[in-house]
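Chain A is already provided as a structure; the job is to place chains B and C on it using the hints.
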Amino acid sequence: MSSQRTAVENLGARGRSWGRIALVLGIAGLALGLWLGSARGDGFRRFEHAWLVSCLFFLSLSLGALFFVIIQHLVRAGWSVVVRRVAEIVAANTLVTALLFAPLVVQLLRGDSSLWPWADANTVHGNPLLEGKAGFLEPRFFALRCVLYFGIWILLGRWLLRRSTEQDTAQDAKPTLALERRAAPAMVAYALSVNFGAFDILMTLEPTWASTIFGVCFFAGSVIGFFALSILLLRFLQARGFMRASVGVEHYHDLGKFLFAFVFFWGYVSFSQFMLIWYADMPEETFWFRERFHGTWANVSWVLLFGHFVLPFAALLSRHTKRALGVLAFLAVWMLCMHAVELFWLVMPTAEKDGALVSGMDAACFVAVGGIWFFALARLAGERSLVPVGDPRLPESLAFENS
Amino acid sequence: MAESQPALQSLVAEFDDVDSVSAAARAVRDAGFQHFDVYSPFPIHGIERSMGLRATRLPWIVLGMGLTGTTLALFFQWWANAHDYPFKISAKPLFGIPANIPITFEFTVLLAAFGAFFGMLVLNRLPEHHNELFDNPRFRRATDDGFFLAVEARDARFDTRRTRELLQSFSKHPVVECHASTESRAFPIWVRAALAGAGALALLPFAGIVNARFRDATSPAFHLIKDMDSQPRYRAQAANPYFADGRAQRPDVAGAVAFDHFLTDPKTLTGRDGENFCGTIPLPVSDQTMLRGQQRFAVYCTPCHGQAGYGDGLVAQRAANLQEPNWVPPASLHDPVVRARAVGQIFDTIRNGVRTMPAYGRQIGIEDSWAIVAYVRALQRSQNATVEDVPPAERASLGTR
Amino acid sequence: MTASATTQAHLEEPYARPKLVEGAEDFGAVTQRVCGVLERPKPPRAWYIGLAISSSLTLLLFTMVVYLIATGVGVWGNNSPAFWGWGIVNFVFWVGIAHAGTLISAILFLLRQKWRTSINRAAEAMTLFAVCCAGLYPAIHVGRIWVAYWLFPFPNQMQMWPNFRSPLLWDVFAVSTYATVSALFWFMGLVPDLATLRDRSTTRLKQVIYGFFALGWRGSARHWQRFERAYLLLAALATPLVLSVHSVVSFDFAVSQVSGWHTTIFPPYFVAGAIFSGFAMVVTVMVPARELFGLKELVTIRHLENMNKVILATGSMVGLAYSTEFFIAWYGGNPYERFAFMNRAFGPYAWAYWIMIFCNVVAPQFFWSKKIRTSPWLMVGVAILVNVGMWFERFVIIVTSLARTYLPSNWGYFKPTWVDICTFAGTIGLFFTLFLLFCRFLPMVAIAEVKGVLPAAHAHPEHPKGGHDHG
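Chains as they are written, first to last, in my numbering: chain A, 1 to 403; chain B, 1 to 401; chain C, 1 to 471.
Careful, some of the hints might be misleading.
[Stated by the list, open to error] Once the Cα atoms are required to be at most 16 Å apart in a straight line, the calculated EDC-like pairs of lysine to aspartate or glutamate come out as: (1) 309(C) to 180(A); (2) 19(C) to 305(C); (3) 353(A) to 291(A); (4) 172(B) to 16(B); (5) 172(B) to 19(B); (6) 370(C) to 172(A); (7) 370(C) to 305(C); (8) 353(A) to 206(A); (9) 92(B) to 281(A); (10) 114(C) to 401(A); (11) 133(A) to 200(A); (12) 19(C) to 228(C); (13) 257(A) to 401(A); (14) 114(C) to 305(C); (15) 114(C) to 396(A).
Don't read these hints as lab results, they were simulated from the structure. These numbers were taken from a predicted model, which means no experiment stands behind them.
If we strip away everything but chain A, and leave its shape as in the complex, we get (with noise of 0.2 Å):
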């Protein structure tokens, strides 16, 4: 039955042709970008920076994705197959971001040390803080955890997609079934990989500075802009006439659950962070908040709090908002817009002590590591179809239905 309502849909030409289209606007991007950097004269310093917050907003849109489709097969959902493979082929690009992300280690390795300051001898010298770990902050052993933490993601995007397509065309179960048997230990990689991730390459950036719960602030961002991005990806498709058939209001009205319910727990989960440092007030931690209240940047963490907390959290409250398709892709767009001000904010002031200053290079950046990362994702998808149309739970998902 399932035959007649989802005919295998793929992107095919189409796809190509977006492809190219972000690749050109990627190449052009990476070339203004490169252009800006060194018009700076600060030794690609702050191009660094801007690159970093671009391959970590790309990355952290995998990462969500990663997350969605564990979850789907550990707890065997029936609602979400259909919008699966969508989020299934954005959580196996990552491999392009690895080699977006690679330049950055590469500079690390060669004695750059504008992005992680530990990696300069000067700045540990002295400093008991940086000296007790200096065997962890070492260039090498950082380097090799990168690849580590790639490699987990990479291999864990490729796997799920594989299997996924295989039951496509399969006659039984078994690809499903085995990655249910196998999504437990790949949710347990993905929360080591993610967690101490975070903390290697967003938390090292300040590296006196340590949070236990940063890894998981970090991880509800990401989650956050995977579901908006997964709105806003199906109704490009539909848009496009694609998925007509099999994505509805329901599904959308779920997305938009877990976008509020993330929306939520990400707002637990930094307040969390930020009252036990300002309450305990002690000057080892709180400098980091000081930082990010100082000049403009702390018109920015207000932004934050009401664009990324209480706002989309007003918003989204009512279910007639997550059913209106309008608002819901508007309130998408604004949190990814919101998610990549949190990661700025994450990362910026260490190169901008003075104020928040967004630049053209910055958008180059952006639109750099966007153009070919949406590139390799329409390549991903090519001839694959978009609905997992194999899927023994699809039925289900098609009649789903919120009560």
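For chains B and C alone, coordinates are given in the frame of chain A:
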């Protein structure tokens, strides 16, 4: 219809499964009925659509209650901690949003939950202690495995015969009539009496509080729990059978010596040299002594003798204003008679009093008494000084005088 | 199309969802099965034995409380460096247990986990009983229990207000709100079932008592509509509430500057631990309860297996939090933090730490095995280990940090007194006494909710969605 027959309330059809009751509900809805209801042992998915029910406004009640909770909690925390009783603790602002979030959140949830629960009850008009439907013994199935549909007689489209036919066409069971209860809907008299009695009893504590609050009491307050306010103790002159001498107050052990009192010279202790008052202060006098004397004089002597010792202290002034007949005005310390007295006599006066002046020996220590004497001497000299008393080096500063 | 759906139904998962309850297929059977427990003239002998033991322990609790109040809080082992250590450990332990019920009722409801209907009633009741045990500690630890109401803000002759910026006051609000909302939630779910009991009552007394609390419920569709909406709203409110309660409990520790306490991951980590311990307690009590009262068809092995999976997941989260804490304590470079964690693992309380690690991190890993996950008595063994481990977690956090604070002159070794131990044993007795009474006098399974998930409860839709039907 016979007069004794109570009014027809509704027609009730019984069903055995969800599909048939839903079909009947759709038919009744499509026939244009408004006042009808379905009864089931669990919520039937989609029945509100079959019946054509509108969405409930409960979410708005909950939202309203939640926002009320947020506002109240924020306002009250600000009012209590930053306005009515402000106190700084652990360097936190009196009203710092991060520290006030948890309680605000909890209170929001509490009131919203009240809104959901009590709002549901109020909208459903529950609790209800009696309903005619229960008169039908078969209706007990409504909480077990039966499904019922009742069309009320007050509906404009209600027609006993045709409605019965409509219902009967869906149901295998006979459609029954539900009549208004013949019994009174009021609670039995004993229930009402018990409620009234309980209500009256519940008011008693408040009456007690009002009584205690607005009436003068002659006996001490009654404490259920004594805490440390009223501990058992013996008064100084009370008897205590525990001791052989029966006294509660224990005398000093024989041979006990005061720990901090080593003055032994009789002149210092009494101000007398044999029979006569001594003429010099027996303790060394220094600047500290004079300052101490000035300070003690201000505390103990100025109320009557006045700041400068003229006998015009506030007590004396008030007594003079009131024209107290028995009042003996305090002596001016600058009276020639007083000035002529030996220091020992002034000391003796301070210690033991004179005429109406009480003895201050119990309140002012020996050293302090001598310090006051020294200060009084200085005060007397200051009021009767000549230019010769000023040190030669400073006479020039007196200038034109 | 009908044919294909039918053939699929014969295949095993994932082509068709397994049945939620076994045996009892029609509504009357569900009613009979659940109400039968209450209507049989005598409960099983094991019930009497259990009640005798637990009520004796409850008596012990009351004796200890009276002794405490009459003598003073000095009878607790408070005069060592871990002031209030025992009281706080047990308070947090019981509050943690209390999280499972609302989690099952609220979060699993929002996640459309229909298997919850068989266990949510008992789990919610457990929540309330655990909150009773938890609430006892703050009330009695003040010594002068009659002034315990000073915890709440009320206008008084001293014209003072409590400090709303203090985590201890947050605790008062969080725990009392949680107790209230859980009780409302539980009672609301009970109302339709009490109506069932009312309508089945054979004696006037039962009819009056059940009827009084059934509030005149008669299953009207208009009532059900608002009831379901209220249930959904309460679930949506209770979900963040569950998160907040144990977060607030964790704030008690984490806002301070004590090494080993001040760490930002405490809120979610405490919540995960609370769910972990609460689910373990549900498994511990539900396995014997379903055996005793013949509810195996309603509370199936699959329900228990799902619970065990949640235990495995939350246990692993707790393990992740332990490792994160340990790593950051080292990475952060603060010598006091480093010392606090080394002291936990290798100091005088190392025995407690390794018990905790074994019970909380290692023991749940047994649930990777489907065999252990699905054999009732093995899972009870693991669940009991988890309960022990979660008690030791609180002990390790609270006592090791307090016994080795910044001032070495304050160091000491905490030992509970016999009163401490008897009081804790008494709370366990109170918990089980209340639970056994609940099993005997109230429906242990949510009758109406289970009926709602039976296949027969689903009407055929009025307008079948085009091209697709239920076969």
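Hints, verified against the model:
1. Note on residue 309(C) and residue 180(A): the hinted pairing holds, with a Cα-Cα distance of about 13 Å set against a maximum of 16 Å.
2. Annotation: proposed proximity of residue 19(C) to residue 305(C) holds, straight-line Cα distance about 14 Å (limit 16 Å).
3. Our distance criterion of 16 Å between C-alpha atoms is met by residue 353(A) and residue 291(A), whose separation comes to about 7 Å.
4. Proximity of residue 172(B) to residue 16(B) is assessed by CA-CA distance (about 9 Å); at most 16 Å being required, the pair is judged to hold.
5. Proposed proximity of residue 172(B) and residue 19(B) is supported: the alpha carbons are some 13 Å apart, at most 16 Å.
6. Between residue 370(C) and residue 172(A) the alpha-carbon distance is near 23 Å, which puts this suggested pair outside the 16 Å criterion.
7. Straight-line distance between C-alpha atoms of residue 370(C) and residue 305(C) comes to about 8 Å, which keeps the hinted pair within the 16 Å bound.
8. A distance of roughly 12 Å separates the Cα atoms of residue 353(A) and residue 206(A); the hinted pair therefore holds under the 16 Å criterion.
9. For the proposed pair residue 92(B) and residue 281(A), the alpha carbon gap of about 10 Å is at most 16 Å, so the pair holds.
10. Distance check on the hinted pair: residue 114(C) and residue 401(A) sit about 15 Å apart at the alpha-carbon level, within 16 Å; holds.
11. Only pairs whose Cα atoms come within 16 Å are accepted, and residue 133(A) paired with residue 200(A) is accepted, the gap being roughly 13 Å.
12. For the suggested pair residue 19(C) and residue 228(C), the alpha carbons sit about 23 Å apart, so the restraint of at most 16 Å is broken.
13. A threshold of 16 Å between alpha carbons decides the hint, and for residue 257(A) with residue 401(A) the separation of about 14 Å falls inside it, so the pair holds.
14. At most 16 Å may separate the alpha-carbon atoms for a hinted pair to count; residue 114(C) and residue 305(C) meet this at roughly 14 Å.
15. For the suggested pair residue 114(C) and residue 396(A), the alpha carbons sit about 15 Å apart, so the restraint of at most 16 Å is met.
Hint compliance for this structure: hints 6, 12 are broken, all remaining hints hold.
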